[in-house]
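Asker: One letter stands for each residue in the lines below.
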Amino acid sequence: MKKTKRRFERYPGVECIIHSLGADEKIAQRLAQMGVLPGATLQIIRLAPFGTTVEVSVDSGQSFAIRDEYLTALKCQILAMPLTYPDVRLHTTYRIRTLFGGRKFQQRMETQGIHPGLFIKIVNLTKPRVILQLIEHEKTVKLGRGEAEKIIIEVTNA
Amino acid sequence: MPERAEKVVVALSSIPNTGKTTLFNRLTGSSQTTGNWPGVSVEKKVGRFTLGEFEISLVDLPGAYALSPVTEEENIVRTYFLKTPPAVILNIIDASNLYRSLGLTLQMCTSGLPMVVAVNMIDKTTQLDIPLLSTHLGVPVIPISARSGQGVPDLQQALYEVIKEPERTHIPHISCPPVLEEAAKELSRKIIPGGALEKMDSNFLAMRLLEEKTFADSIQKTGLAAVINQWRDRVEKTTGEQIPITCAKCRFNAARGLILETTRKQSAPPDERSKCIDNILLHRWFSLPLFLLIMFLLFQAVYGLGAPLQDLIGQGFDAAEAWLRVQPFISRQSDWLQSFLFDGLWQGLGVVTSFFPIVALFFIFMSLIEDSGYMARAAFLMDHLMHRLGLDGKAFINLLLGYGCNVPAIMGTRILSSHHNRIITILLIPFTLCIARLQVFVFLTTILFSPVIAPFILFSLYLSSFIVIVLTGFFLKVLRIAGKPEPFIMEIPPYRMPTISGVALKTRQELKDFLYRAAPLIIAGVIVVWFLTHFPADVPAAGAETWAGRLGHLFSPLFNPLGIHWQETVALLFGLIAKEIVVGAMAVIYGGGDLSNQVFQHISPLQGLSFMVFTLFYTPCVATIAAIKAESGSWKITLFSLILGLVIAWLASLVLYQTGLALGLR
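The listed protein sequences derive, respectively, from chains S and Z. Each residue of the first sequence is one higher than the one before, starting from 1 at the first, in the numbering used here. Each residue of the second sequence is one higher than the one before, starting from 1001 at the first, in the numbering used here.
With the rest of the complex left out, here is chain Z:
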């Protein structure tokens, strides 16, 4: 039996679009776990693999351009490095454009932490002098192709050696303006790094203190703050610009020199293929129609394929339920236990399972669009529209897909580029008219309105959904609910062929995530609704005597001005499980019989319209709430979303119903 493996943390870090995720998948395969970085909606992925006697935890850090943060992602990376420095840094750079990658690499090299650099896509530029680059950076440099797996064993070997013998030979020196070097030298003498920072080079820490106001603030107690500020003022006065910009200039100058020295070709030839594709896909006149076509195909692919699968699973569950109900070991149980098992637990499981096909398809097609490079183009095309709401172009796709189903659309906000954009988009998606709501509306409009008017009613519901999204977007922008938007400067990567394994891993991971993070909440939610509508135990389910019925009566002063009776309030409560069952619930509540007739007798067209408007905007189903909680990682945001939905629904219905009454409609 071998000794217990030693655990080692390796951090995978790079700037965006260098093949980081591909390498991560290649190294860790399917042994990945995801979560959120503390306090933010940014995904944290950790994968495991073994190297000889070491058990490696590979932490996938978000893409960052530098350690002095501009974005939320960079803030995470910076905090991670300074608070919990990894044993080894694995940095990946893009051989087809060394210049953009080397800025971060040089900064990390100066930290003094053990490090390995992987040069990705080496097949494209073979004229790179790897040993020379390695000598200059002072760390091993390994050429790899993350896509084909070429060179990955060498990379693992190099990692193993660095873990075994972490001593650095030398730390590269980046020359800066004299005053900055002096400042760094002076400060580095004063710093006594303790705890986590002990392993780092003091010159590097001094630079961090000079570059970042927030980092300096956090070590105020050492009495350094005054000295730092003095130096910072002096440096900025001398150079006439902010220190981070001076530092970036130094790094990129060094990078340029390094490239001249280590490569024979100055720069890679421009990517002609991407240019050609862009001439069509981003064409002045064709780009928008093509974008709409791609969106239409995406929507159809996800929901056109997903909805029948969902139905199939629903039927399977019903059949299984019917079979289970007659099994002796179940039919022997008490009535309420049976009801709990079937109307609560089983139904909850059914709701969870029914989302599987849609979530899977959603992420298959989204990864295709994302990995191919079209997502960045879509963001570019739609930026102007979304900019008005304080969002960037990518959010458009999430909002659009919300019109199919809110749940995957909210889970998909992870692709958005900032915390601000994610939160705002998560808050807006519940106002989209999803397919489940559409089913309710189609059912009600056909009963309450003539065939001539019904399509117009549906259209105006779509229109009002759109208007509410825009207005709420403005409202949230003014409210600054998620802080300030980040500057929109987005790299447009070259087009690449997505890989099957990449898409499959991503989809698998998302399904697992949905199962672990959202499913328990969904089942709990369904059981709560079951409890409200079935208790106290001695009254008929969903009747006036149940908790739900009593709640309906309790809230009737609130709902009467909307023209919504207590029976429909109970139906709305049922709608939390899934919007589709609002109709079924009404049938139960009105006590059976022909539902169309019942609805026609109980509800006037105006009341029906008010009911539909409320259904459109109020809190979406428990699955959506669960997705909001899982994605935002915050109960505060989840609660805010609930309240926002209820308030808007109530106001919209009130205005509609009262105006209608005033106009003499009924």
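Here chain S stands alone, though its shape is the one from the complex:
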């Protein structure tokens, strides 16, 4: 059976680095002329209602609306993803990259000891709770699904 490609563009918060602009000439040319070239970092900001249109931002500061099929066609390497991303594995060490939410959310996480740069392990991913082990603080934290969606993590070698 053909393995379907992971639909990274469906997860707000995912960051990826573009390796190639894909096969569609017109779309590749459009992106290139907007300055979105291989080597640029994309972040998925949000999905439109009904979900086939995605808002993405580029590291050069633009944000634009694009259909998800065009994103699927890009060759990308995922740099960071939310805790709820399907590829996230239990008992693997990750580093928190960003907190993808408003100031209130960031403060709430801060009070629980969660902040960017922190190393974590995931103890439990079964719905509806996500349980994190904060390695440095030697404690575990329970998070709701909505909160976990906004915690963006990256793979570390540690």
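Accuracy of the hints is not assured; some may be wrong.
[What the hints assert, rightly or not] For each label pair, taking beta carbons as the anchor points, the in silico distance ranges come out as:
1) S:H115 / Z:F1299: 42 to 48 Å
2) S:K121 / Z:F1299: 41 to 47 Å
3) Z:L1132 / S:H115: 37 to 43 Å
4) Z:G1304 / S:T92: 41 to 47 Å
5) S:H115 / Z:P1289: 47 to 53 Å
[Stated by the list, open to error] Covered stretches of chain S, going by a simulated chain Z footprint (3 or more residues, C-beta under 8 Å):
6) 15-27
7) 63-77
Keep in mind that the hints were calculated from the coordinates and are not lab data. Cβ atoms here follow ideal geometry from the backbone N, Cα and C, with glycine treated the same way.
We have chain S already, so just place chain Z on it with the hints.
Answerer: Below, chain Z without anything else, positioned relative to chain S:
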């Protein structure tokens, strides 16, 4: 007396969302004229101002990301530059994000044409080394704020100097992969630029030939084509990608280097304010209700305020008519001349004037939404729905506003991002159930149906309007009537406060446009209908003997299967002037008396329903036809729209009436 001013053409060019329109308005004020670029539905604006002894025509080019076209707009810009190069290019770049602007700027700098660069919104990043940027680009660079007007006098001074002494000091070199540079060098030796292209750098022309297949095709006769193709294949084989992408990479690499060298801050801080607003307006659950609320307010603002004003103007016209009729110099004239003056010309003027408040309000509120940056968000929210019809999200707003009045909605299609989307939306808008049609339907349903059923009838008319739009959308998509849709990749600009002067200028311009482009057609249309319904001169107006009556009889084999009598066919003809007068026309045609009674006696409920369905879908009023012609710039599209409407109306009524009869209704 000074010597006759020398005329100079300056082209204003930039990528989208850099403040180009604001600068254009600031430089030219109200001395602007609009038209269409040849053969397409893209607006062309030209403004005039004087600089010393020069009279400047400033051509506002559509926003484009590069000279190798992907979109219709870019095609226009490219063709304009290569066919009729301007004396000077005025390029505007966005200081808050230099990277996105510089790609186009670098490409234009290499053309060798005299050029001035304006860095807009300079108040936001002050750490830009302007002289260094100017040295690298080889053209004057002037910091301005298009919004406040700061720096604009310096910009004018720089423009003046460049016009006076157009010699370029140097042309920047953008380094590319060796094979591409070799190809360009080789080709540039072979090109002997003639005519319009003489002023351009041959290396730049060689690049154009390599990047664009269509441009290369147009100079086939010089025998270069084979050489170009050879080089193109070689370059693409070596780099493993299309040449335009290689070129874009080179330009943006150069841009990145330029930014590192000329700015101290690497990139502007992200726009926190826009982010906060978007967290609410584009919120996962709230975005749609908020969008609907904004649309509701927009609709109410345009039509809630506009309709009473329209009525007021209508009353004014009636009062003036009554006054004029009794004036001796008019009442002395022959009957038919009076009839022509009042029922033809005056009525036409009345129709034109009655659109003024709605068109004005429409563009005031649309500019607010557009200039604030919400339009792009609305397009993002609605994209999924409209994508199915081959359109993008913005078209939703136009279609929605068509439910108020088709005319401004069609004029408003100018904001849509591609020719394809504009044409399809223009063709779909006439199927919306506008307020004028609603008046007819309310009148007829209250007479023909019981108060319990009447609201359902109205609702199903709305529903069928919606269904027909969707089906026609699919049909047009399959038909490829307007070519292929362009890829939907739309920048979402930061939110900005709209300016009063910007909104006022835009609205003024649209009203002027409506007056010049649509009004003559509207008046002509009204006079044609007047002629048909009042001639030959010796028969009663709107009667069976008039041309209209004869047409009604002539077409009765077509309309009988729909349950529509010749009298109503004449009323439909009157409906071309404006849908509201269908009811009034019926009163005249049935020969006076209590209209409700007359209608009740002459028309069965089923026939009435069939009549309403026909009214809903057939050709909208002359004002809409005029707007379609003015916007699309094409009689072919206008005619197609007419025929499409008539065919759909006829089919829908036929199916309804015959099914009704078969079911034993009457």
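Asker: Please go over all the hints and tell whether each is borne out by the structure.
Answerer: Here is how each hint holds up against the structure:
The beta-carbon spacing between S:H115 and Z:F1299, approximately 46 Å, falls within the hinted interval of 42 to 48 Å. For S:K121 and Z:F1299, the hinted distance range of 41 to 47 Å is not satisfied, since their beta carbons lie about 54 Å from each other. For the hinted restraint 37 to 43 Å between Z:L1132 and S:H115, the CB-CB distance of approximately 40 Å keeps it satisfied. Against the hinted window of 41 to 47 Å, the Cβ-Cβ separation of Z:G1304 and S:T92 comes to about 59 Å, which falls outside the hint.
Taking 47 to 53 Å as the suggested C-beta distance range, the pair S:H115 and Z:P1289 does not conform, at roughly 34 Å. Coverage of a stretch by a chain is defined here by at least three residues with a beta carbon nearer than 8 Å to that chain's beta carbons; for the segment 15-27 of chain S and chain Z the count is 5, and the condition holds. Interface restraint, the segment 63-77 of chain S with chain Z: holds (6 residues with C-beta to C-beta distance below 8 Å; minimum three).
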